[in-house]
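Participant: If you want the building blocks of each chain, they are given just below.
There are 2 protein chains.
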Amino acid sequence: MNKTISVNDILQDLESHIENLNYGESPKELYEPISYIMSLGGKRIRPLLTLLSYSLFKNDYRQALSPAAAVEVFHNFTLMHDDIMDDAPLRRGKATVHEKWNPNTAILSGDVMLVRAYDLLVDIDPVLLPKCIRLFNRTAAEVCEGQQHDMNFESMDEVEEDTYINMIRLKTAVLLGFALELGAILAGRDEKEAKLLYDFGVNIGIGFQLKDDLLDVYADKAKFGKQVGGDIIANKKTFLLIKAKELASGAIKEDLERWIASKDFDKEEKVKAVTAIYDKLHIKTLTEKKMQEYFDLGFSQFEKLEVSNQDTLEVLRQLTKDLINREK
Amino acid sequence: MNKTISVNDILQDLESHIENLNYGESPKELYEPISYIMSLGGKRIRPLLTLLSYSLFKNDYRQALSPAAAVEVFHNFTLMHDDIMDDAPLRRGKATVHEKWNPNTAILSGDVMLVRAYDLLVDIDPVLLPKCIRLFNRTAAEVCEGQQHDMNFESMDEVEEDTYINMIRLKTAVLLGFALELGAILAGRDEKEAKLLYDFGVNIGIGFQLKDDLLDVYADKAKFGKQVGGDIIANKKTFLLIKAKELASGAIKEDLERWIASKDFDKEEKVKAVTAIYDKLHIKTLTEKKMQEYFDLGFSQFEKLEVSNQDTLEVLRQLTKDLINREK
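Note that the protein sequences, when read in sequence, are chains W and L. Read left to right, the first sequence gives residues 451 to 778 (the numbering used here). Read left to right, the second sequence gives residues 451 to 778 (the numbering used here).
Among these hints, one or two may not hold up.
Since the list gives no way to pick one copy over another, a pair counts as held whenever it fits inside one copy or between any two copies.
Subject to a maximum C-alpha distance of 25 Å in a straight line, what follows is the list of computed PhoX-like cross-link-like pairs (lysine-lysine) [stated by the list, open to error]:
#	residue 1	residue 2
1	687	478
2	740	544
3	703	693
4	703	734
5	686	478
6	645	508
7	671	645
8	722	642
9	508	581
10	645	703
11	550	642
12	740	687
13	740	695
14	717	734
15	687	778
To be clear, the hints were calculated from the coordinates, so they are not data collected in a lab. For clarity, every value in this text was computed on a predicted model and none was experimentally measured.
Chain W with its partners taken away, still in its complex shape (with noise of 0.2 Å):
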């Protein structure tokens, strides 16, 4: 009866679920905006997250569908006013909202999401609703300061790597780790079990932004999907280049400069050059190190875990395994 839970079964129950959303009707130029994004697909890590820790606890993850959806709602409201901000054109491949139809539509269709994504969660049982909402609005608003502490990287000489964490903590790792304690409070565990996948999805979280960081740079060409060298063109400040810039001295210093400098440049050329500077200061060992610091304290909370279900832990080990070897 209790047969082990499937990752492939909860996301077709997910997607399900979420195709079937009901957004609202009219006026089309309002909805059709969230209807496009949510169809765009992407992972569903969250809500995945989500169901995967509420079957640790109990059997019946279709109860928690609804509040999984929201997790994914509101990150793909995220998205949508993100791109606005980072004047993205491209989202998985498709245009972008603002771009398929305009800035203020974007603006307004995602407000509107934020505010289906509470629509989503407030069937939950009015116990827990309460805390959820709290936890929620918490998580909400971090999401937000990370945005904001990330958009002020832009204009900012230097970033230390502790400023830059704190800013893939609030801007990505929270995220993970409420859709984790999510699940956990509505299969009534609100404590210790909760506390622990939280701080499991915050580690976690900041490790695979790190290795974003890592792929953007040192991806295999063939199986990353995407253009390899992204972030060194555009001078992100990701981990790598925070790191080289604390580390380098004399000539090489004065080389990575004159590249974030430059204006006029051959992208290859420049992609192959700091990526040539990283590699003679390590910065991919050290990258990797701190990567696996995260993993591993966040495998350290995991272990601590008591569940009911001891086959589903071993998928939500090894979901999280895939995605730590990841190459695109």
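Start from chain W and add chain L according to the hints.
Facilitator: The following block gives chain L in isolation, referenced to the frame of chain W:
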């Protein structure tokens, strides 16, 4: 002991409650715009309505200060985002947030402001919370729908009277209805009285917007405090213009269409000419009649209210009449 409630006392308590709200500290680019827009003042009508509505049934309105503030924070969130969309340079005579900072900051500060509105609701009695959040969500989505309809109107040749009334119902009236309904629910009246107060608020709210449309053209310049005829200059599809386009024929129609099409005109001359067209078509009387219909409908619902505090009912009646008779 049960002395008559005073609007000024409530407003003072409300203002100091709002002044003491803590939206967050860091990064300051995210949170300063919230304090800024909230400090620009305004009449605080919406939270005042919540507190008066609550006071119809109970005497400790301070219990409702946080949810009342939520309504005001939500309202100012919509102003912050609407100002970006409308490219408005000024709000209450001061620079708008996207002008004083930049559009990205106004988007993101607005987002976190919406989250903070939910934070101010979450301390509501857990028994009432799901209902309050559901109604708030519905209202918030409707306000976004109204704004989208209003933006759609800009590129439409013709807007029907009913379509226009529906837009102002969504964009401005339902929030007044919700503010009143919320007070009744918080005071433990969640059926008949809450519904009557909601309907009263919506109908009065539609009347207020028609009054706004009227004042733009027919206000006493000395009392109005802003440019008379701003809507005429901008060809804004107000009730007056919609009605004039519906009724004009022959030479008057040609004249009106010429002024609407004109790109290069003397502002004062256009205001004078279009006002003369309105006068010929008796638009002022027609608008006043329509406005009065909504006020009458609202008051017919108001008269059906059965409340504990008759004194407060009179205060609410008088406040509404003062708003109806305002000249700016």
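Participant: Hint by hint, note whether the structure agrees.
Facilitator: Hint-by-hint comparison with the structure:
For the homomeric pair residue 687 and residue 478, the shortest alpha-carbon distance between copies (20 Å) is at most 25 Å, but the shortest distance inside one copy (38 Å) is not. Taking the shortest Cα distances, residue 740 and residue 544 never come within 25 Å of each other, neither inside one copy (33 Å) nor across copies (47 Å). In this homomeric assembly, residue 703 and residue 693 come within 25 Å of each other (Cα to Cα) only inside a single copy, at 12 Å, whereas the closest approach across copies is 70 Å. Taking CA atoms no more than 25 Å apart as the test, residue 703 paired with residue 734 passes inside one copy only; the shortest distance there is 17 Å, against 73 Å between copies.
In this homomeric assembly, residue 686 and residue 478 come within 25 Å of each other (Cα to Cα) only across copies, at 22 Å, whereas the closest approach inside a single copy is 36 Å. In the homo-oligomer, the alpha carbons of residue 645 and residue 508 lie at most 25 Å apart inside one protomer (17 Å), although the nearest pairing across protomers, at 40 Å, exceeds that limit. Proximity of residue 671 and residue 645 under a CA criterion of 25 Å is satisfied in neither setting, with 38 Å inside one chain copy and 62 Å between copies. In this assembly of identical chains, residue 722 and residue 642 lie within 25 Å of each other by CA distance neither inside one copy nor across copies; the values are 48 Å within and 71 Å between.
When the C-alpha separation of residue 508 and residue 581 is checked against a cutoff of 25 Å, the pair qualifies only within one copy, where the shortest distance is 19 Å, while the shortest distance between copies is 27 Å. For the homomeric pair residue 645 and residue 703, neither the shortest alpha-carbon distance inside one copy (43 Å) nor that between copies (69 Å) is at most 25 Å. In this assembly of identical chains, the alpha carbons of residue 550 and residue 642 never lie at most 25 Å apart, being 45 Å within a copy and 45 Å across copies at closest. Taking the shortest alpha-carbon separations for residue 740 and residue 687, only the intra-copy value of 16 Å comes in at or below 25 Å, while the best inter-copy value is 59 Å.
Within a single copy, residue 740 and residue 695 get their C-alpha atoms as close as 16 Å, which meets the 25 Å cut-off; across copies the closest is 68 Å, which misses it. For a Cα distance limit of 25 Å, the shortest separation of residue 717 from residue 734 inside one copy, 21 Å, qualifies, whereas the shortest one across copies, 64 Å, does not. Taking the closest pair of Cα atoms, residue 687 and residue 778 come within 25 Å of each other only inside a single copy of the chain (20 Å); across copies the shortest separation is 51 Å, beyond that limit.
Checked against the numbered hints above, the structure breaks hints 2, 7, 8, 10, 11 and satisfies the rest.
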